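Novice: Sequence:
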Amino acid sequence: GKDIVQFAKAVEISAPKIDKQVCRTKPGGSDNYYGVYDVTSDTATGSKTSLCGGEGTNNQGSQATPMALTDFIKNTLQGDGSKNWPTSSAQRTKKPVPVTNDNATAVAKDLVALNSDEKTIVA
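Residue numbering for the sequence shown follows this note's numbering, beginning at 1 and increasing consecutively.
By construction, these hints were calculated from the structure, which means they are not laboratory data. Keep in mind it's a predicted model, so treat the numbers as computed, not measured. The beta-carbon is built from N, C-alpha and C at its ideal position, and this holds for glycine as well.
DSSO-like mimics (lysine-lysine), calculated; alpha carbons at most 27 Å apart, straight line:
1. K109 - K20
2. K17 - K2
3. K26 - K9
4. K109 - K17
5. K74 - K2
DEER-style ranges, computed between Cβ atoms:
6. G1 - K119: 18 to 26 Å
7. T87 - T65: 22 to 30 Å
8. D117 - K74: 21 to 29 Å
9. D3 - K119: 14 to 22 Å
10. D3 - L114: 15 to 23 Å
11. R92 - A113: 27 to 35 Å
12. Q63 - P16: 18 to 26 Å
13. G29 - V112: 24 to 32 Å
14. Q78 - V122: 20 to 28 Å
15. K119 - V97: 29 to 37 Å
16. A108 - E12: 16 to 24 Å
17. G29 - K2: 30 to 38 Å
18. E12 - T105: 19 to 27 Å
Could you put together the complete structure from these sequences and hints?
Specialist: Here's what the structure looks like:
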């Protein structure tokens, strides 16, 4: 967890544009209700997500703009990587159900999606 936190801090400082592309929350439903990063997911009754790039589901607790890597580190990984790395967590019986290494996989997927210039900057 500590390594991803250090990586995210470096990206935030050196490439803020890239920071906004990684772990960008998605809108859920037909409206722009973006997920909000939290320590545990609960999209059954709100829009809390502990999954990198998670989506909101309704206007309860959602926000109008997406969150990204810096927010994910601060709110979901608790700023030090002590929670939700490499796997997210959910409130009991809430969704999305965590899958082993889901956060690590989601971060990797977002990094692979960067263009070659952005990958060079991140490297």
